[in-house]
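Undergrad: Please model the entire structure based on the sequences and the hints provided.
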Amino acid sequence: MKDNKTEAHGAEAAGKAGAEEGAPKRAPEPPPGAEKQAAPAPAPAGEPTLRAGGWMVPAYAGALLCVFLGERVVPTIDWARYALSGIGVLTLVLITALRFATAVRETGERRAVERALAILSALGVVAIAAYFTTTDAGRGLLGVAGAAPETRARIDAATTVGWVALLAIATVPLFFGEAALAPMRRAERIEVRRVRAATLSGVTLAFAAVYSALFVYGASQLDLKADFSYYRTARPGDSTKRVAESLTAPLKITAFFPQQNEVGAEVEGYLREVKAASPQITVEMQDRLLVPAVAKEAKVTQDGVIVLSRDASRETVTIGADMKTAGAKLKSLDADFQKALLKVIRTQRIAYITVGHGEMNEAAGKAAAEGRTAKNLRKLLESQNYQVKDLGLAEGLGSEIPKDAYVVIVLGPEKEFLPEEVAALKRYADGGGHLLLALDPDAKVDLNPLAGAVGLAWKPEVLANDRIYVRRRYNDSDHTMLVTQRYSSHASVSTLSRHAQQAPTIFPGAASLDKQGEGDLKIDFVVRSMGETFADANGNFKFDEGEKRSAYNLAAAVSKQLAPGGEDGGEKQELRAFVLADADAFSDAVFRNEPNIVLALDALRWLGGEESFAGEITTNEDVRIEHTKEKDQVWFWATILVAPALVLGLGLFITRRGRRASGRRA
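Heads up: the sequence shown begins at 1 in the numbering used here, then just goes up one per residue.
Think of the hints as simulated: they come from the structure by calculation, not from any bench.
Hints are supplied without guarantee of correctness; some may be wrong.
Stated by the list, open to error - List of simulated lysine to aspartate or glutamate pairs, EDC-like, C-alpha gap at most 16 angstroms:
| id | residue 1 | residue 2 |
| --- | --- | --- |
| 1 | K560 | D430 |
| 2 | K299 | E273 |
| 3 | K403 | D430 |
| 4 | K339 | E382 |
Stated by the list, open to error - Computed beta-carbon distance windows for the label pairs:
| id | residue 1 | residue 2 | range |
| --- | --- | --- | --- |
| 5 | Y82 | T151 | 51 to 57 angstroms |
| 6 | G609 | A643 | 55 to 61 angstroms |
| 7 | V216 | R105 | 42 to 48 angstroms |
| 8 | A551 | G609 | 41 to 47 angstroms |
| 9 | G517 | E245 | 28 to 34 angstroms |
| 10 | S477 | V642 | 41 to 47 angstroms |
| 11 | A145 | E245 | 35 to 41 angstroms |
| 12 | K548 | A276 | 28 to 34 angstroms |
| 13 | K548 | G517 | 18 to 24 angstroms |
| 14 | F207 | Y82 | 29 to 35 angstroms |
| 15 | L65 | P250 | 47 to 53 angstroms |
| 16 | K379 | F636 | 34 to 40 angstroms |
We treat Cβ as the ideally placed atom computed from N, Cα and C, and that holds for glycine.
TA: In structure tokens, the structure reads:
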């Protein structure tokens, strides 16, 4: 019975299965309560809208390139400019509109991403529109073309900075965001955080770049400059600025350099500072090939030339337009420019230097080999627009000094002057002449008559200082290499007085000066030795019993106001003399010390009545590094033995200390 029932039930089930094969299949019934749940939305089929956005970034970049080519590469070809710029602007507008349309169609996180990219794209279009206002058509449309030159320049500068900043802030985040979105275009879901982080990184980078550019632009508009490059340009020194301030008539400076030239940019910065010193100066930067008529009038046939013109006077300074060859000229630009400036603003003067007594300017043989020459002093005179001539017996030194002599210079004679020569110099000084007497005790001759011509007493004992001196021979004779920073407030040493702590002068073998009784001459001792100095009477270079330490007079400025000169009672004549107790202080060997150059320069300016020009001449020329045999030995042993020994000893100390610490911890 049981088996029959089982077989009947199986046959019935088989019959139902056969009947269901011919009927349509039905979905399985949902579990209880499932009918209340929402049916899942179908998966997006490939996201066609976002896939289409992949080509937008290359198209956007191409549109910007078209605008650049039209406005910067072919701006003189009208049809090419309008075609390229028009295509570029139209493409930018279409892509931006398509991005906003895509953002409207999308939902959720995709809409937020597309909306942000669309806003950045629109910001780029605004930047291009701002650029349009800097073109000629834009200026005319907005009325900027008719504004004053200064106003127009400010508007152009502000607009240029604005559109460049907007374009950077728009494009950089846009490209960063698209780069992050590109791998996720086919994904069902996107990582919004990744796209947002990339976009914010682009924004940060863009703002940093804009800030840096604005900082550099703002710094370029200031009169402050710091240049640490090898070919750095000398800035106008105090002396050059004071010469410029003294101008009473217009001076025109024209610099001929190609546009966008590196050397021209350096020269323009220098000339801008010079112009700021005087309203009488006008500066123009010209391209010689673009203004051939102006270049022809200035007689300029090459680039890299500065022309200074005032009335009929014209002087040129040649620098060059190639940085490789002009680098050395840029370093000495201030000295060269001041030399030309002085030639333009006043007539050339004549300086006579005495000869025939073994003066330093006639040095030869051993003296010349040791640097006891006056070539650099002669160059200094020429830089101040002096013509240098020799003055001996044949030129009137024994009878009457030439009438055209503006200053007469005596440099360390080794032979005594004849009484007639001394008398001629005294008559010249008493008549309102200018004397520069650089006496020297090494010659062992009586130079007191020369000093007495201007009311001074010459004391020939060589001064020494065994505490403060300069090493030269590395023996006791170096005690005569005096160093001093003691200057008065007189105009002949005004520059050194202002910078006394940083401007020590060297006197290698000096005597001393004093007043020669009472007289009507005004005598100022402008340079004095340090207090530890003593007169080495016995010549052993040591401080002995009976010798006295004191501050001795090394230089004096002598003056006397005379009667008004000329028939019309115009400018007053004045006797002026600058006397130095050591001629070697003006020698080529000591001129390596810049304060000695300043001493000679300010003395010459005071003698010429140009003490208002006192100040430094800036130069960035390299200073030769010289080594003695003893110094080379010190450096050799220091680098070969001392330095390695210090490193080795320090390493052993640290190692042993570490081992001891480890042992204690164990």
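Undergrad: Taking the hints in turn, state whether each one holds.
TA: Taking the hints in turn, this is what the structure says about them:
1. K560 x D430: Holds. K560 to D430 sits at ~9 angstroms (cutoff 16 angstroms).
2. K299 x E273: Violated: K299 and E273 sit about 26 angstroms apart, past 16 angstroms.
3. K403 x D430: Holds, at roughly 14 angstroms.
4. K339 x E382: 8 angstroms, holds
5. Y82 x T151: 51 to 57 angstroms: Given about 29 angstroms between the Cβ atoms, the range is violated.
6. G609 x A643: 55 to 61 angstroms: 56 angstroms, holds
7. V216 x R105: 42 to 48 angstroms: 44 angstroms, holds
8. A551 x G609: 41 to 47 angstroms: 30 angstroms, violated
9. G517 x E245: 28 to 34 angstroms: Taking Cβ atoms as reference, G517 and E245 lie about 41 angstroms apart, which means the hint is violated.
10. S477 x V642: 41 to 47 angstroms: About 30 angstroms separates the Cβ atoms of S477 and V642, which means 41 to 47 angstroms is violated.
11. A145 x E245: 35 to 41 angstroms: Distance hint for A145, E245 holds at roughly 38 angstroms.
12. K548 x A276: 28 to 34 angstroms: 52 angstroms, violated
13. K548 x G517: 18 to 24 angstroms: Holds: the Cβ-Cβ distance is about 22 angstroms, inside 18 to 24 angstroms.
14. F207 x Y82: 29 to 35 angstroms: Given range 29 to 35 angstroms: holds, Cβ gap about 34 angstroms.
15. L65 x P250: 47 to 53 angstroms: Roughly 48 angstroms apart at Cβ, these two residues keep to the hinted range, so it holds.
16. K379 x F636: 34 to 40 angstroms: 37 angstroms, holds
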